[in-house]
Amino acid sequence: MPKDHDGIGAGSKRREDVRFLTGAGNYTDDINVRGQAYVHFLRSDVAHGKLSKVDTGAAEGMPGVIRVFTGADFEGVGGLPCGWCVTDRHGQPMQEPAHPVLAQGKVRHVGDPIAAVVAETAEQARDAAEAIEVDIEDLPAVIDMKAAVQDGATKVHDDLSSNLCYDWGFVEENREAVDKAINEAAHVTTLELKNQRLVANPMEPRVAVGDFNRSTGEHTLYTTSQNPHVIRLLMGAFVLGIPEHKLRVVAPDVGGGFGSKIFHYAEEAFCTFAAKAVNRPVKWTSSRSEAFISDAHGRDHVTRIELALDKDNNFTAIRTETYANMGAYLSTFAPSVPTWLHGTLMAGNYKTPLIYVNVKAVFTNTVPVDAYRGAGRPEATYQLERVIDKAARELGLDPIALRRQNFVTEFPYATPVAVEYDTGDYHGTMDVLEKMADLSGFEARRKESEARGKLRGLGLNCYIEACGIAPSQLVGQLGARAGLYESATVRVNATGGIVVMTGSHSHGQGHETTFPQVIADMIGIDADMIEIEHGDTANAPMGMGTYGSRSIAVGGSAMVRAAEKVINKAKKIAAHLMEASEADIELKDGQFSVAGTDKSVAWGDVTLAAYVPHNYPLDEIEPGLEETAFYDPANFTYPAGAYACEVEVDPETGKVTIERFAAADDFGNIINPMIVDGQVHGGIGQGIGQALLEQCVYDENGQLLTGSYMDYAMPRADDVPFYDVDHSCQTPCTHNPLGVKGCGEAGAIGSPPSVVNAVIDALHSGGHKVDHIDMPVSPARVWAAMQG
Amino acid sequence: MPQVSMTVNGKPASGNVEGRTLLSSFLRDTMGLTGTHVGCDTSQCGACVVHVDGDAVKACTMFALEAEGAEVATIEGQAAPDGTLNAIQAAFQEHHGLQCGFCTPGMVMSAAALLKDNPKPSEAEIRDYLEGNLCRCTGYHNIVKAIMAASGQNVGAIAAE
Chain A
1 MPKDHDGIGA GSKRREDVRF LTGAGNYTDD INVRGQAYVH FLRSDVAHGK LSKVDTGAAE
61 GMPGVIRVFT GADFEGVGGL PCGWCVTDRH GQPMQEPAHP VLAQGKVRHV GDPIAAVVAE
121 TAEQARDAAE AIEVDIEDLP AVIDMKAAVQ DGATKVHDDL SSNLCYDWGF VEENREAVDK
181 AINEAAHVTT LELKNQRLVA NPMEPRVAVG DFNRSTGEHT LYTTSQNPHV IRLLMGAFVL
241 GIPEHKLRVV APDVGGGFGS KIFHYAEEAF CTFAAKAVNR PVKWTSSRSE AFISDAHGRD
301 HVTRIELALD KDNNFTAIRT ETYANMGAYL STFAPSVPTW LHGTLMAGNY KTPLIYVNVK
361 AVFTNTVPVD AYRGAGRPEA TYQLERVIDK AARELGLDPI ALRRQNFVTE FPYATPVAVE
421 YDTGDYHGTM DVLEKMADLS GFEARRKESE ARGKLRGLGL NCYIEACGIA PSQLVGQLGA
481 RAGLYESATV RVNATGGIVV MTGSHSHGQG HETTFPQVIA DMIGIDADMI EIEHGDTANA
541 PMGMGTYGSR SIAVGGSAMV RAAEKVINKA KKIAAHLMEA SEADIELKDG QFSVAGTDKS
601 VAWGDVTLAA YVPHNYPLDE IEPGLEETAF YDPANFTYPA GAYACEVEVD PETGKVTIER
661 FAAADDFGNI INPMIVDGQV HGGIGQGIGQ ALLEQCVYDE NGQLLTGSYM DYAMPRADDV
721 PFYDVDHSCQ TPCTHNPLGV KGCGEAGAIG SPPSVVNAVI DALHSGGHKV DHIDMPVSPA
781 RVWAAMQG
Chain D
1 MPQVSMTVNG KPASGNVEGR TLLSSFLRDT MGLTGTHVGC DTSQCGACVV HVDGDAVKAC
61 TMFALEAEGA EVATIEGQAA PDGTLNAIQA AFQEHHGLQC GFCTPGMVMS AAALLKDNPK
121 PSEAEIRDYL EGNLCRCTGY HNIVKAIMAA SGQNVGAIAA E
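Just so you know, the sequences run in chain order A and D.
Under my numbering, the letters of the first sequence match residues 1 to 788, in that order.
Under my numbering, the letters of the second sequence match residues 1 to 161, in that order.
So that you can see chain A by itself, here it is in the shape it has in the complex (with noise of 0.2 Å):
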């Protein structure tokens, strides 16, 4: 008989976690191939030059090198591919530049690797790396996005027309109507801002070895990586012309991903070139200095939104403007981030008939930049839920009241920004919000407060998300040049116990926690007797990975199609053991019964007939019990909530402190409630991280000033409160076999933007009238605004 809870929605206890507490767990740079050597690359210290030398004669003869690579040795090689092209404003595709694995005639941002030193030892290839010398003409840096697309701008690629990858319009069609709605609104608020550049920082920084048996001419790269298919499809196809059966890439056990490790990096394809190369295994580990300037950052838009109102205060129409940076290349995703993710999001919770959405993507002389985790939605969502507030404030209103007044209420919706909410209950996530937040007793929290010389905030916001990514066909209309599908296989053995090999990748969600809760559920069984494989090619079934909150939501749905497809063969076997009809067989705590009679055959007699099958229907279906399902979302999922947060502020420092923190969020069903805490609590842990503390920082000549721990101010565990989160508002998703929304993201969207707010507030309570302080709202800018 199963346990009582370890099913649907019990909170678990993580069977990873025993592994990862006792130094056993096996993450890339833990694995050691017999033979290998080490790599060490040479980065660019200049932002922007012409290569005119890059001697490594010296380097060769270091003690311990093997070889020295420069972007000679990759001319022929492709380049980095691009998996979203993005069309402009006048269906043109936007520019895409190449994008060399090493460095060839130009140098585009610190950090853009020149050469790279193979040796025996990390210390050796380091050294030898110092000798290599180069000569760099300097070039102007091309570093403020603005600037970037003015005349006679310096390009940052030559062959390019200008800095402008594209210039997107959404909806184009909409743009006149929502003109005239702004130009005929009874109030238009506006308000400018950035969201400024972050790096994801997982803790685990980035590591690649390469390996090569030239007995068999097949390639294996481990890697850091939420999705090693989508690895062995970029580079294998685009850049080193490797069919997929001659390579592996294994992504073990991956320290946290956040989104910058989606992405195809040159290290990667670097290390599993040089391993057929120099015939000996690669090892590249990442320094968390190299992290700064190599690992794809996050966010920098910068943003003029307009929110137009009627005499009512109902919203009429919304404009913005934006520049996304892209850096100097176009990481894999990039393009997708300012635009499908970020535009279609612009309507939030709220029934607003006209949006209109620029967007204006460029290039500069800094690191690429691509997702980080909410990826566009807590862009769309920071805008919306800031120029909601300050509206609120212009026209004396109350800020919950106006935006309860504004609420979708009727699903499914169709917004005017292309999709369409399955479903969700705004006003019932703000009630729940309501509750948790104590706002009744704010006044008197505030008054204390200011006993004690503090200024006292309370800020609100909600968020919507489009996760569960994505609608394979849709996604290709808009530009994707990938499906979006999750796979899964469900392997029964002959003893009743199960493997599922899923196509999603865990780094720290929990999946071999969860995913067995959802089997368990749906044959009766214990947990304990399902494990889950991820993380190789070798094993899994093509999958696209995680990202975009989409593994319970897509990958969970595929593992449940396969599980449909093996219970309905196990159904067949047991209605022949039992000679019944098979309509009549039921599966209820792990016994198959006949409907209506006390016949019932076990879980584990069913498993071993299919594979010893003496008194079997062979002559119906095949023996063996393993089947494998890809399942393609119809729709998106739309995660929801609101969230609200209390900051005292130092009026002597401009020091701002979190007092409490509230997250009422709408996921639908739920697997595992501790772990869907979890990953809300890292999410807001994030958020407030962006709006407090983080930011990258470029000089005017593409220096990075943030480029270590020192300089780059991580949230740390006192600069965080506990919080308080409740998912008991559930709408079901509509489409997915489970009714899951996804929780990944949600923290980090919906967090940033109640916390400036509530700092906006406590300001105007001690009588500083400030619209608004850029992110990170640091006491330096605090205290600065409060000076008028």
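Since the hints were made in silico from the structure, they are not lab data.
Just so it is clear, the structure is predicted and the values come from calculations on it, not from any experiment.
Every residue gets a Cβ at the ideal spot worked out from N, C-alpha and C, and that includes glycine.
Careful: at least some of the hints might be erroneous.
Sample of chain A residues facing chain D (criterion: CB under 8 Å; computed from the structure) [claimed, not checked]:
#1 E204
#2 P252
#3 G256
#4 F258
#5 S287
Only some residues are given here: those of chain D computed to face chain A with a beta carbon under 8 Å [unchecked claim]:
#6 K11
#7 C45
#8 A47
#9 F63
#10 T74
#11 E76
#12 A79
#13 L130
#14 C135
#15 T138
#16 N142
#17 I158
Fit chain D to the supplied structure of chain A, relying on the hints for placement.
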């Protein structure tokens, strides 16, 4: 290359190292104890915290040769020989104090050092002590809660877990 000898998790350990070899490299590369993680190069992240003669030390900030003759404890030596998790490890699992697991060895070793000196730390004392341990997954909520629970405090009143 000079030889270094120390005791690691109660067993003698020695190897030849360069003068510049860090204790973290000695543990990971020479001893094969890959539970000690390296997450940065500026002594900020704390994923590499081990105990040297009973004190919490960032193993990336100490040369292997400096540990000559020392008693070193790593994450691999924290559970009982039969695999039973110690109280801190068990509390981290019970309260979901880890997600990707990369910072976890350092968190557990730091927590052990804290509780040795301060058996019942307050929330504020825990948060202050963890200044040198970065986690990017948990938002620290469940780490702080787990350490409070491991010290025998009732954490039932703390919001969701």
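Checked hints:
1. E204: 4 Å, holds
2. P252: 12 Å, violated
3. G256: OK, holds: A:G256 within 8 Å of chain D, min 4 Å.
4. F258: Constraint on A:F258 satisfied, holds at 7 Å.
5. S287: 5 Å, holds
6. K11: Check failed: Cβ of D:K11 comes no nearer than 15 Å to chain A, outside 8 Å.
7. C45: Given a least distance of 6 Å, the restraint on D:C45 holds.
8. A47: OK, holds: D:A47 within 8 Å of chain A, min 6 Å.
9. F63: 13 Å, violated
10. T74: 7 Å, holds
11. E76: Holds. Min distance 4 Å.
12. A79: 5 Å, holds
13. L130: 4 Å, holds
14. C135: 7 Å, holds
15. T138: Holds - the Cβ of D:T138 comes within 8 Å of chain A, reaching about 5 Å at its closest.
16. N142: 6 Å, holds
17. I158: Interface hint status for D:I158: holds (6 Å vs cutoff 8 Å).
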